[in-house]
Amino acid sequence: MKRYLNLYLHFLRFSFSKAMEFRLDFTFRIVMDILYYAVNIMFFKVIFLHTPLVAGWTQEQMMIFVSCYLLVDAIGMTVFSSNMWWLPHHINKGELDYHLIRPVSPLFFLSLKEFSANSFMNLIIASGIMTYALSTYSQTFSIWEVVLLIALILNGTLIYYCCQMLMILPVFWTQSSKGFMDLFFSMGIAMERPDKIYKGWLRVVFTILLPFALIASFPARLFIEKFHWPTFLHLMSVTIGLWMVMLFVWKKGLRVYSSASS
Amino acid sequence: MKWWRHVVAMELRKILAYRSDFWITFLGQTLIQLLVARALWQMIFDAQGVTEMQGFTLEMMSLYYLIVPIGTRILTGESVGFLAREIYEGTFTRYLLYPLSVFQYKTTTYLTYSMFYAFQLLIIYTLFRIFIAQAAFTFTDFGNLLMGIGLFFLAATTYVMMALLIEMISLWADNVWSLIVMLRFFTSFFGGGLIPLTFLPSWTQAALEWTPFPYLISLPARTIMGLSTLGEMGKGVLILSVWIIVFVEFVKLVWKRGQHKYTSVGI
Amino acid sequence: MIQVKHLRKTFTSHVKEPGLKGSFKSLFSREVRTKDALKSVNLEINPGEIIGLIGANGAGKTTLIKILSGIVHPSSGEATVMGYVPWERSNEYRRQMALIMGQKNQVWWDLPALDSFLLLKEIYQIPQAQYKYNIEFLAETLMIKDQLKTQVRKLSLGERMKVELMAALLHNPKVIFLDEPTIGLDISAQKAVRVFLRQYQTEFKPITILTSHYMEDIKELCPRVVIIKEGQFVYDGSLSNIQSMMGDEKVLSVTTQDKTFKVSIPRHELSSKTHQIFEENDVLDLNIQDPSIEDVIESIMRNGVRPT
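Protein chains in written order, with this note's numbering: chain A, 1 to 262; chain B, 1 to 267; chain C, 1 to 308.
Okay, chain A solo, but in the shape it has when bound (with noise of 0.2 Å):
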């Protein structure tokens, strides 16, 4: 474990001294993810102009949904987008031989090596987000509720990850995942929506199956609205399913492609 978190230490040096190169790239990004934070923002503020309540959310209870998901975007765009850029690039390359043969966990190394220095300032902004949300919010909370909030949110984006896992992976049976990635970021407005809105078979899909509105909806939920058991452990347990299906679809890959490669 420590060794783990030794390695990650080192990635961590890496990327940030690689990204002291690209200086404008740096801020063009910073701009870009402004941009993003603030067309959703506008968004509901859209539909607030003609409406109260959103799937029984007031204005300033969706702030504190939209900063999760927000911050949510932010931690996987800075630990996790560069590695799923490159991911299926290095299995449809055949480029996956080196972390074969290392005595360190593949999929570790795949997932994290790449921390993206650049994006580190969607952290702070995404904070500043919530903190807002938080701030201005009218009702009374606890400090314990916003660290539950933030714990939920870390979970969120594990789910994030694994869900995006579930859609390269296929790479290693199709050759590519353009088609799926496409996909799963096309699936991403179905977490920035609130879950109320999912009925029917659709609630199943989304809150089991492919459970994007557990990501930040249920954690928002779980905040706004009461504490609330059945809702926790339903988080609880689809995060654990998910996780032991991604691990197993990446243990079946890593067959395919031992077996394919040459």
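Calculated from the structure, these hints are not laboratory results.
As the structure is a computational prediction, the values presented were derived from the model and not from experiment.
Glycine included, C-beta positions come from ideal geometry on N, C-alpha and C.
Heads up, a few of these hints could be off.
Claimed, not checked - Taking lysine-lysine pairs in the DSSO-like style, the calculated list, with each CA pair at most 30 Å apart, reads:
1) 191/C - 229/C
2) 104/C - 113/A
3) 273/C - 250/C
4) 229/C - 262/C
5) 104/C - 39/C
6) 35/C - 251/A
7) 5/C - 35/C
8) 273/C - 262/C
9) 252/B - 235/B
10) 113/A - 178/A
11) 251/A - 5/C
12) 132/C - 18/A
13) 174/C - 219/C
14) 93/A - 174/C
15) 104/C - 229/C
16) 219/C - 104/C
17) 229/C - 93/A
18) 149/C - 2/A
19) 104/C - 251/A
20) 104/C - 252/A
21) 191/C - 145/C
22) 104/C - 93/A
23) 145/C - 113/A
24) 149/C - 18/A
25) 174/C - 251/A
26) 113/A - 251/A
27) 113/A - 149/C
28) 174/C - 132/C
Said to hold, decoys possible - Computed list of chain B residues with no C-beta within reach of chain A, every gap over 12 Å:
29) 6
30) 7
31) 9
32) 57
33) 107
34) 108
35) 118
36) 150
37) 231
38) 235
39) 260
Given the structure of chain A, go ahead and fit chains B and C onto it with the hints provided.
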């Protein structure tokens, strides 16, 4: 000059080479976007107890969100950042060697993708019209569809020029894909890709009137739905054409300088 | 100790007709083709031994190396390396093994080599003292001390290979797989790599399997060679024996007005064949030699082993 026909055939072949991608992007994306949007608006309509908002019934709203994601893809054509990527990888030099204009070449590949998506739109539209929601089609017929697709192509041409203008910055800066993503966000929001433009406050709508944005997504989509008048369409065509000319001139200017910069550095 | 028994590997690949029509077709169905990369091979390598694996492109060299390093699963058969089954990829095995591929990089492109080494130290959990000693020793023997702080992408091809070698050997592997370590290098860099490998072999005595297209590499480093042809071993024995295998033959190099060619001829037919050549051609020059190792290997790769 027949080279462009080969380019089109080559790009189509690339698109078709990956069969799972073909079906996944086609059905999956469209369906998910539609389902999520519909779920949201249904909730809003129900909570308000109304059957119409800003000129949209729930059925029309569904149709709008069916057209818009594919329309956006017609608009944005090929994936972002190709020029920037080629400059970074150093394969860009080949366009300096080919005896044809890099812009004609790139515009052709772009619009090939647009064609492909227009074809998808046609299929989805037909399926939807026959099997799912006839009610949404009260104002529209096949002629509207063709006019709308035509407008989407004009919009795509405008968009390509904007994208090229930005991509050329990569002759100076290392990495500009973030700028292109910004263009996407901007177009999506102010073009009506996220929410119909009639929902925006009226001062915003007024401010956008002479920019290309409302005519990139909203106008063609509304045309397909049979919601735009001939006057609106004519105005859109006129404004987009003026913008295309402006952008083309800019692209030429920047390219001249950028090319000089690129070749003189000698990468 | 490496033991390989009846190892087989079959690949399947999809076939697509060219053109747009083919693309449409492959949307719905695809044809599958299978190819045998290894057909039941057996091999035994003793501790400290270094062997050369020779074969044409696509003969199965790389497949064998990838199986033994655990990257590729075989279709059937057994293999153990120091008691480990490679494709189980246990950490203990991976800690004692190194793979160097001349055509693939493992050091980080954008970073100085020393940074990559630090990361590898962490990955392989190399103790500080051993790490320091190895850096010193390897950099010294490879004569690359001054380049370790430069970004790897700015190094020359030869320097890059040296850095790759260092990176792979930092953890003192007991088994080393070298897949064309000298490919693309100029003569002097090839030589430096060879000298280093020999020195390393005498110092640490790992089991080494080396593949190369350059006979020089094999001749200088490997007392024992295995020749592989279309997935089968056609020769496994000492390098010096190879020549005697064809001891019965002589090679004639003939130069005429318009061409130069070589023929190998059994010794007892030497005079009659030479006579014939003189009659049929306008010979300017003729030379009778024993076959060189290159000739023999080429002939084995083409025709298999002929009984003597």
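A quick look at each hint next to the structure:
1. 191/C - 229/C: Answer holds: residue 191/C to residue 229/C is near 27 Å, not above 30 Å.
2. 104/C - 113/A: Holds, at about 18 Å.
3. 273/C - 250/C: holds (11 Å)
4. 229/C - 262/C: holds (23 Å)
5. 104/C - 39/C: Distance ~26 Å between residue 104/C and residue 39/C Cα, so the pair holds.
6. 35/C - 251/A: At roughly 25 Å apart (the allowed maximum being 30 Å), residue 251/A and residue 35/C satisfy the hint.
7. 5/C - 35/C: holds (20 Å)
8. 273/C - 262/C: Roughly 13 Å separates the two Cα atoms, so the pair holds.
9. 252/B - 235/B: Holds - the C-alpha atoms of residue 235/B and residue 252/B are around 26 Å apart, at most 30 Å.
10. 113/A - 178/A: Satisfied, since the Cα-Cα distance of roughly 22 Å is no more than 30 Å.
11. 251/A - 5/C: holds (26 Å)
12. 132/C - 18/A: holds (26 Å)
13. 174/C - 219/C: holds (22 Å)
14. 93/A - 174/C: Roughly 29 Å between the alpha carbons, so the hint for residue 93/A and residue 174/C holds.
15. 104/C - 229/C: holds (24 Å)
16. 219/C - 104/C: holds (24 Å)
17. 229/C - 93/A: holds (26 Å)
18. 149/C - 2/A: holds (27 Å)
19. 104/C - 251/A: holds (24 Å)
20. 104/C - 252/A: holds (25 Å)
21. 191/C - 145/C: This hinted pair holds, its Cα atoms lying about 18 Å apart.
22. 104/C - 93/A: Roughly 11 Å between the alpha carbons, so the hint for residue 104/C and residue 93/A holds.
23. 145/C - 113/A: Holds, at roughly 27 Å.
24. 149/C - 18/A: Cα-Cα ~15 Å, so holds.
25. 174/C - 251/A: holds (27 Å)
26. 113/A - 251/A: Roughly 19 Å separates the two Cα atoms, so the pair holds.
27. 113/A - 149/C: Given that 30 Å is the threshold and the Cα spacing comes to 21 Å, the pair holds.
28. 174/C - 132/C: Since the Cα atoms of residue 174/C and residue 132/C sit roughly 19 Å apart, the hinted pair holds (cutoff 30 Å).
29. 6: holds (23 Å)
30. 7: Non-interface label stands for residue 7/B: nearest chain A Cβ at 20 Å, farther than 12 Å.
31. 9: holds (20 Å)
32. 57: Per Cβ check, residue 57/B is outside 12 Å of chain A; nearest 15 Å; holds.
33. 107: holds (22 Å)
34. 108: holds (21 Å)
35. 118: holds (18 Å)
36. 150: holds (26 Å)
37. 231: Holds, because the least Cβ-Cβ distance between residue 231/B and chain A comes to about 26 Å, which exceeds 12 Å.
38. 235: holds (24 Å)
39. 260: holds (20 Å)
Every hint, counting from the list given before, is met by this structure.
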